[in-house]
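Sequences are here, hints too, so could you generate the full structure?
As they're listed, the protein sequences go chains A and B. Count the first sequence with the working numbering and you get residues 1 to 328, in order. Count the second sequence with the working numbering and you get residues 329 to 705, in order.
Honestly, the hints are just simulated from the structure, not real lab data. Quick caveat: nothing in here was measured; it's all calculated off a predicted structure. All C-beta atoms, glycine included, are put in the ideal place defined by N, C-alpha and C.
Rough simulated footprint, nothing fancy, chain A against chain B, three-plus residues with beta-carbon under 8 angstroms:
#1 453 to 462
#2 480 to 490
#3 510 to 520
#4 682 to 691
A partial selection of chain A residues facing chain B, derived with a Cβ cut-off under 10 angstroms:
#5 S56
#6 G62
#7 G65
#8 V68
#9 G107
#10 V109
Sample of chain A residues with no beta-carbon within 10 angstroms of chain B, all distances over it, derived:
#11 A16
#12 R33
#13 G43
#14 N185
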Amino acid sequence: MTRMTLAKALNAGLRAAMEKDDKVLLMGEDVGRLGGVFRITDGLQKDFGEDRVLDSPLAESGIIGTAVGMAMRGYRPVCEIQFDGFVYPAYDQIVSQVAKMHFRTRGMVTMPLVIRIPYGGGIGAVEHHSESPEAQFAHTPGLKVVTCSNPVDGYFMIQQAIASDDPVIFLEPKRQYHADKVEVNEGAEMSDIAPLFTSTVARPGSDLTLLAYGPMVKTCLKVAEAAALEGRSIEVIDLRSLSPLDLGPAEESIRRTGRAVVAHEAHRNLGMGAEIAARLAESCFYSLEAPVLRVGSYDTPYPPSRIEEDYLPDLDRILDAVDRTFEF
Amino acid sequence: MGLNDPVHPEPDLVQLLTPEGERVDHPDYAFAVPDGTDEAEVIRGFYRDMLLTRRIDTESTALQRHGELGLWAQLLGQEAAQIGSGRAFAPQDFVFPTYREHGVAWCRGLDPLQVLTLWRGSEHGGWDPAEYNFANYTVVIGAQTLHATGYAMGVQRDGLVGTGDPERDTAVGVYFGDGASSQGDVSEAMVFAASYNAPVVFLCQNNQWAISAGSERQSRIPLYQRASGFGFPGVRVDGNDVLAVNAVTRAALQRARDGEGPMLIEAFTYRMGAHTTTDDPTRYRTSDDVEHWKLKDPIARVRVYLSRNGLAAPEWFADVDEEADELGHRLREGCKALPDPDPVGMFDHVYAEQTPELARQRADFVAYRDSFAEVVA
Numbered sequence: 001m002t003r004m005t006l007a008k009a010l011n012a013g014l015r016a017a018m019e020k021d022d023k024v025l026l027m028g029e030d031v032g033r034l035g036g037v038f039r040i041t042d043g044l045q046k047d048f049g050e051d052r053v054l055d056s057p058l059a060e061s062g063i064i065g066t067a068v069g070m071a072m073r074g075y076r077p078v079c080e081i082q083f084d085g086f087v088y089p090a091y092d093q094i095v096s097q098v099a100k101m102h103f104r105t106r107g108m109v110t111m112p113l114v115i116r117i118p119y120g121g122g123i124g125a126v127e128h129h130s131e132s133p134e135a136q137f138a139h140t141p142g143l144k145v146v147t148c149s150n151p152v153d154g155y156f157m158i159q160q161a162i163a164s165d166d167p168v169i170f171l172e173p174k175r176q177y178h179a180d181k182v183e184v185n186e187g188a189e190m191s192d193i194a195p196l197f198t199s200t201v202a203r204p205g206s207d208l209t210l211l212a213y214g215p216m217v218k219t220c221l222k223v224a225e226a227a228a229l230e231g232r233s234i235e236v237i238d239l240r241s242l243s244p245l246d247l248g249p250a251e252e253s254i255r256r257t258g259r260a261v262v263a264h265e266a267h268r269n270l271g272m273g274a275e276i277a278a279r280l281a282e283s284c285f286y287s288l289e290a291p292v293l294r295v296g297s298y299d300t301p302y303p304p305s306r307i308e309e310d311y312l313p314d315l316d317r318i319l320d321a322v323d324r325t326f327e328f
Numbered sequence: 329m330g331l332n333d334p335v336h337p338e339p340d341l342v343q344l345l346t347p348e349g350e351r352v353d354h355p356d357y358a359f360a361v362p363d364g365t366d367e368a369e370v371i372r373g374f375y376r377d378m379l380l381t382r383r384i385d386t387e388s389t390a391l392q393r394h395g396e397l398g399l400w401a402q403l404l405g406q407e408a409a410q411i412g413s414g415r416a417f418a419p420q421d422f423v424f425p426t427y428r429e430h431g432v433a434w435c436r437g438l439d440p441l442q443v444l445t446l447w448r449g450s451e452h453g454g455w456d457p458a459e460y461n462f463a464n465y466t467v468v469i470g471a472q473t474l475h476a477t478g479y480a481m482g483v484q485r486d487g488l489v490g491t492g493d494p495e496r497d498t499a500v501g502v503y504f505g506d507g508a509s510s511q512g513d514v515s516e517a518m519v520f521a522a523s524y525n526a527p528v529v530f531l532c533q534n535n536q537w538a539i540s541a542g543s544e545r546q547s548r549i550p551l552y553q554r555a556s557g558f559g560f561p562g563v564r565v566d567g568n569d570v571l572a573v574n575a576v577t578r579a580a581l582q583r584a585r586d587g588e589g590p591m592l593i594e595a596f597t598y599r600m601g602a603h604t605t606t607d608d609p610t611r612y613r614t615s616d617d618v619e620h621w622k623l624k625d626p627i628a629r630v631r632v633y634l635s636r637n638g639l640a641a642p643e644w645f646a647d648v649d650e651e652a653d654e655l656g657h658r659l660r661e662g663c664k665a666l667p668d669p670d671p672v673g674m675f676d677h678v679y680a681e682q683t684p685e686l687a688r689q690r691a692d693f694v695a696y697r698d699s700f701a702e703v704v705a
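As structure tokens, then:
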């Protein structure tokens, strides 16, 4: 057991994956000597060498496109995109090449790529450094999209993603990187760990089901605490996997609670919340006492960071949605 | 110089066989055949490859006109650029094509019928790249140059460069066109290749046209000169001269296998046909231009050379023509007989590990389809 932050947990997880399989390579801008701008790859080039931790040229499409070739050659590249808003130059390679290679070759070529993207806001960053592009990737068949919300998941999910033979967009909530230190049992058996593409119950409850992922899980746990003071018991589901989307635990929960709210940092329009609400309406129609409400950021580009607190869903906005579901 | 003036006159061409069928020398490159092989036989082989490739092209164009193919990207005029380079690869080398490399596919041993599946819409071109060391066609322009570079970086990591063992040392070749040279991915590929000294040879077939835009719209300098800006050598070769293309490609691939890094070859050629069967080149180019290039036909010059020097008898040419007719017949019949894929299969290869949601959709689809079968029964 070691107490670690999400940043340290991801670093330890990458190290474990590299030790286990010498085909695992890390690629990206500044991931080597600097250890990444968030230091997630700190020390790995020193220990594994420049052949396995590649400081790449400053070219996002180049990073993903060369990783495609590496994967075809039998390697398992883990690419770091420095910030969410810089993934778009690589979008074509991800959506047109990475996502489709297995399909168009009828399974003869696999793409065991992991694309790590620090994402989301709340750190006072400048433009292009705080975006939530998850729906753009979750909408693309052929990609799998996951996100961790805490150090324990960070440590295990990154290893599971690297072991997957499918391409995984691995979203890291950057505002949680250094937020909390928790105990991580590095020696745990993989069989005792939740499978990668599943959601988990982050906090049990009986009156309402709150669904969140990544950076919003912590906020939603606070919502549940605050609601408890008012006598409401909220169950928080950590979705973890956005594609495939595992709504099993949420549906089981809603059949008990009758109410659901989805919260995410991304824009609301056509976001993950829209898909989740639609599916829950189909699967839990007779259990629902109220429509599934969505709390997202507004449908504007990410605003200047001085006003990001007004843009991002926070405890009060989510609590407000919770209250509204009880008015039906 | 006006914006629409050609910037690509034809100096600096490596040429070893003139359009009139005369062998000429070049100070840096000579046509050589592998030890133990007969030169005339190799050149006859090139002629046969080019003629059969041209037949694949004309038959496929006809099949498209008859509605058997949804689209076809013609290679007419580019046979030497493709066969000359395609025959330069060692078995262990790996090749990344665009969507027009039917001649290179031929050299790698692919059945042309397999190539037709993409254009017929029965597959996305699902041959196994590892079986032929030939990647699938890439339609997005220039994307494959990065894949090739990454693959070459993998070859490098596998320790298969510069060992001195000709059976092991491996190079990667990647094809693209003059239009693709404008794409960011191609520039990024060249940056990565140079930066990591990757064993990759960039094979640009400059066929003068990116659909309707001439190559002067892509580059204000001859394309091969771009290489020096990235830090590796570039060379322009007469793309209608199969001997020169072969010699230059062999040299570049050997250089890459020896660990000396990337190289750019610009095969200066001409797309005699349309971009694809949906294109109408008469809207953007003159017949004078096409007539001018007809005189440089890549197949005719080899035929003249072989005939004039007594290296192939008229009967031999007749045999190749007959072989082309048989191939054409096989393509016509084979194309129409290509089976449509089972629609259920579309659910099966989206992921290596199937997702529960797709498994549900698959089951729903099967049940829906079967409901019609019951009605019919």
